[in-house]
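Residues per chain, in single letters:
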Amino acid sequence: MTEVSKINEKTIVRRFLLLGFMVLAVLTLSLFVGRYPEPYWMPPSYLWRDELAQRLVLYLRLPRILTAFIMGMSLGAAGTVLQMIFRNPLVSPGFLGVSQGAAFGAALSIIYLGRSPLIVEASATFFAFSGLIISYLLARNIRYGKWILRLILAGIATSALFSSGVGVLKYLADPLSELPEIVFWLLGGLWSVTWRDLLYILPVVLVALGVLFLMRWRINLLSLRDETAFSLGVAPSRERALVLVAAVAATAVVVAVAGVVGWIGLIVPHIARWVVGPDARRALPASMLIGGTFALLCDNLARTLLAGEIPLGILTSLAGALIFVWVFLSDHRWVRR
Amino acid sequence: MNHQVIISLEGLHFSYSTLSPPVLKDLSLEIPAGAVTAILGPNGSGKTTLLFILLGMLSPQKGEILIDGVDQKGLPRSERSRLMGLVPEDEHVPFDFSILEYVLLGRAPHLGLLELPKERDYQVAMEALDRAGLTALADRSIPSLSGGERQLAKVARALAQSPRVLLFDEPTAHLDLNNKGRVLDMIRSMADDGVAVVMTTHDPNAATVVADHVVLLRAGQTVATGPVDAVLNSENLSQTYGLSVEVTSVRGRPVVLPW
Numbered sequence: 000m001t002e003v004s005k006i007n008e009k010t011i012v013r014r015f016l017l018l019g020f021m022v023l024a025v026l027t028l029s030l031f032v033g034r035y036p037e038p039y040w041m042p043p044s045y046l047w048r049d050e051l052a053q054r055l056v057l058y059l060r061l062p063r064i065l066t067a068f069i070m071g072m073s074l075g076a077a078g079t080v081l082q083m084i085f086r087n088p089l090v091s092p093g094f095l096g097v098s099q100g101a102a103f104g105a106a107l108s109i110i111y112l113g114r115s116p117l118i119v120e121a122s123a124t125f126f127a128f129s130g131l132i133i134s135y136l137l138a139r140n141i142r143y144g145k146w147i148l149r150l151i152l153a154g155i156a157t158s159a160l161f162s163s164g165v166g167v168l169k170y171l172a173d174p175l176s177e178l179p180e181i182v183f184w185l186l187g188g189l190w191s192v193t194w195r196d197l198l199y200i201l202p203v204v205l206v207a208l209g210v211l212f213l214m215r216w217r218i219n220l221l222s223l224r225d226e227t228a229f230s231l232g233v234a235p236s237r238e239r240a241l242v243l244v245a246a247v248a249a250t251a252v253v254v255a256v257a258g259v260v261g262w263i264g265l266i267v268p269h270i271a272r273w274v275v276g277p278d279a280r281r282a283l284p285a286s287m288l289i290g291g292t293f294a295l296l297c298d299n300l301a302r303t304l305l306a307g308e309i310p311l312g313i314l315t316s317l318a319g320a321l322i323f324v325w326v327f328l329s330d331h332r333w334v335r336r
Numbered sequence: 000m001n002h003q004v005i006i007s008l009e010g011l012h013f014s015y016s017t018l019s020p021p022v023l024k025d026l027s028l029e030i031p032a033g034a035v036t037a038i039l040g041p042n043g044s045g046k047t048t049l050l051f052i053l054l055g056m057l058s059p060q061k062g063e064i065l066i067d068g069v070d071q072k073g074l075p076r077s078e079r080s081r082l083m084g085l086v087p088e089d090e091h092v093p094f095d096f097s098i099l100e101y102v103l104l105g106r107a108p109h110l111g112l113l114e115l116p117k118e119r120d121y122q123v124a125m126e127a128l129d130r131a132g133l134t135a136l137a138d139r140s141i142p143s144l145s146g147g148e149r150q151l152a153k154v155a156r157a158l159a160q161s162p163r164v165l166l167f168d169e170p171t172a173h174l175d176l177n178n179k180g181r182v183l184d185m186i187r188s189m190a191d192d193g194v195a196v197v198m199t200t201h202d203p204n205a206a207t208v209v210a211d212h213v214v215l216l217r218a219g220q221t222v223a224t225g226p227v228d229a230v231l232n233s234e235n236l237s238q239t240y241g242l243s244v245e246v247t248s249v250r251g252r253p254v255v256l257p258w
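Protein chains in written order, with numbering that gives the first Met the number 0: chain X, 0 to 336; chain V, 0 to 258.
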């Protein structure tokens with residue numbers, strides 16, 4: 000390695016240490032943030048002298064904190080991977096009909112199938128995967144353009160289909176009971192999360208993110224054009240399909256539990272690349288850490304700021320957009336060049 | 000010159016779909032190792048298609064491709080990628096990889112599906128950068144390079160692959176005289192190291208500088224093939240490009256001028 004590269008390597012190690020420290024700090028502090036015993040902060044001593052505080056932390060805060068973190072990890076990683084394999088920095092993980100599919104499934108369930116979280120989640124998951132499958136089949140049969148363009152067009156069409164379906168369902172919903180619930184779900188949130196939800200998403204997320212993490216260097220090759228990737232021994236369509244399914248599966252289960260939480264999957268990959276560079280060996284783990292932290296901070300605000308819950312999707316969009324603008328306008332000290 | 004043949008093409012026939020007219024018609028060729036073979040022809044004559052068939056990305060409807068005398072159909076993808084590299088004409092990299100990271104991607108054929116590049120791969124990549132004269136730029140990002148440097152980075156990436164056959168699609172397109180010279184020098188030195196170089200080009204004068212063998216292609220068929228001196232004459236070139244072409248000599252090197 001050159002001298003310059005070694006210096007670079009050191010900087011990146013230092014940044015990862017910083018990220019790791021940030022993750023641990025935010026995860027720990029999140030346990031003590033909330034509205035019990037009084038708004039915003041619970042002194043740690045409550046953990047060993049107050050039984051209600053113990054139960055609250057163990058059964059409500061801990062699963063919610065972990066779910067928020069895992070949600071952010073999944074969306075950040077999926078966004079990074081999809082932007083790379085589509086060679087397009089504007090792609091976000093829900094675009095292949097997944098987010099709108101989940102929204103449709105949830106709305107359908109709230110009106111017709113039952114409002115218990117388990118049924119809503121199952122229905123949302125089912126339609127999220129349906130969205131992916133429909134997009135994929137559609138893309139295979141479109142007789143126009145190249146693979147990437149076909150998938151993007153198919154994703155747009157499928158999303159439009161499901162979002163018009165959501166519109167119809169909102170129109171049909173009882174405006175006093177069902178409609179508010181649908182709207183609240185569509186804004187995204189983790190207020191109902193329990194250990195059960197965490198166990199529901201964990202297997203899929205672990206397998207999917209595991210596959211992506213192991214393939215992290217290979218994903219770089221998938222961001223090259225087909226002929227170059229082919230000349231380097233890659234099976235471009237097959238390997239892209241594999242990482243696509245892994246990324247979207249993680250997104251689908253997360254969206255089914257958390258609702259449509261926007262912006263994380265779009266903005267986090269950019270921040271990760273700004274911090275550690277575009278090589279997926281580093282950008283992928285960095286986007287997991289940054290995505291998890293970002294989601295967790297937003298969710299902490301969502302459950303703490305007001306007496307009532309603020310929908311998470313609102314906060315992620317607001318914070319995401321602000322960070323985006325701030326980073327674009329700042330002097331790019333963090334940008335690796 | 001007496002070079003060993005590494006690839007031979009026999010009676011190739013190719014069209015992109017059953018409805019479209021054939022791009023290559025009954026094409027036979029031999030590619031020697033340790034030499035530069037230039038495929039010359041007008042736009043649309045099938046040069047790039049031929050290159051992609053050599054690469055194995057397109058399969059001909061008829062004919063066979065023998066690599067070291069063995070039919071390439073049986074060649075696994077990983078083995079093929081260790082044998083043959085590609086420097087495409089235009090390679091837009093949408094993210095700002097550093098040159099080193101980019102050149103390192105050339106090591107993929109030598110690594111397993113889940114393997115990460117190791118110290119040895121870094122060494123090979125640095126050697127490739129050194130040969131391309133890009134060592135000082137190793138940490139610059141690809142989009143910040145000039146067109147000529149980017150072309151050299153592509154060559155270094157293919158070089159890190161350590162292939163025995165290297166395919167170039169229009170290696171000198173859009174380059175100024177100096178960069179053209181640097182790229183052609185690299186091509187020459189690789190051929191001298193024993194690599195079989197195949198390059199397509201519109202520019203007959205790039206071929207006269209670097210090529211040992213020339214294939215003149217017109218509408219999917221060869222007009223002539225053979226050593227540069229024997230093939231690059233005004234009669235053959237006029238027939239290839241469909242206009243009158245003059246070949247003169249400046250200081251012993253043929254120079255091609257449309258007339």
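Just so you know, not all the hints are guaranteed correct.
Stated by the list, open to error - Across the chosen pairs, the derived CB separations fall in these ranges: (1) X:142 x V:25: 24 to 32 Å; (2) V:176 x X:136: 50 to 58 Å; (3) X:183 x V:142: 53 to 61 Å; (4) V:177 x X:88: 51 to 59 Å; (5) V:176 x X:159: 47 to 55 Å; (6) X:116 x V:142: 17 to 25 Å; (7) X:329 x V:91: 22 to 30 Å; (8) X:183 x V:111: 29 to 37 Å; (9) X:234 x V:43: 38 to 46 Å.
To be verified - Under the rule of at most 25 Å between Cα atoms (straight-line distance), these lysine to aspartate or glutamate pairs were calculated in the DMTMM-like manner: (10) V:179 x V:78; (11) X:9 x V:89; (12) V:72 x V:9; (13) V:179 x V:114; (14) X:9 x V:95; (15) V:117 x X:49; (16) V:179 x X:238; (17) V:72 x X:8; (18) X:145 x V:90.
Just so you know, these hints were derived from the structure itself, not from any lab. Since the model is a prediction, treat every value here as computed from it, not as a measurement. Glycine residues also receive a C-beta, built at the ideal position from the N, C-alpha and C atoms.
So, going through the hints one by one against the coordinates:
| no. | hint | in the structure |
| --- | --- | --- |
| 1 | X:142 x V:25: 24 to 32 Å | 30 Å, holds |
| 2 | V:176 x X:136: 50 to 58 Å | 52 Å, holds |
| 3 | X:183 x V:142: 53 to 61 Å | 43 Å, violated |
| 4 | V:177 x X:88: 51 to 59 Å | 33 Å, violated |
| 5 | V:176 x X:159: 47 to 55 Å | 52 Å, holds |
| 6 | X:116 x V:142: 17 to 25 Å | 47 Å, violated |
| 7 | X:329 x V:91: 22 to 30 Å | 27 Å, holds |
| 8 | X:183 x V:111: 29 to 37 Å | 48 Å, violated |
| 9 | X:234 x V:43: 38 to 46 Å | 29 Å, violated |
| 10 | V:179 x V:78 | 31 Å, violated |
| 11 | X:9 x V:89 | 33 Å, violated |
| 12 | V:72 x V:9 | 14 Å, holds |
| 13 | V:179 x V:114 | 36 Å, violated |
| 14 | X:9 x V:95 | 19 Å, holds |
| 15 | V:117 x X:49 | 53 Å, violated |
| 16 | V:179 x X:238 | 36 Å, violated |
| 17 | V:72 x X:8 | 42 Å, violated |
| 18 | X:145 x V:90 | 16 Å, holds |
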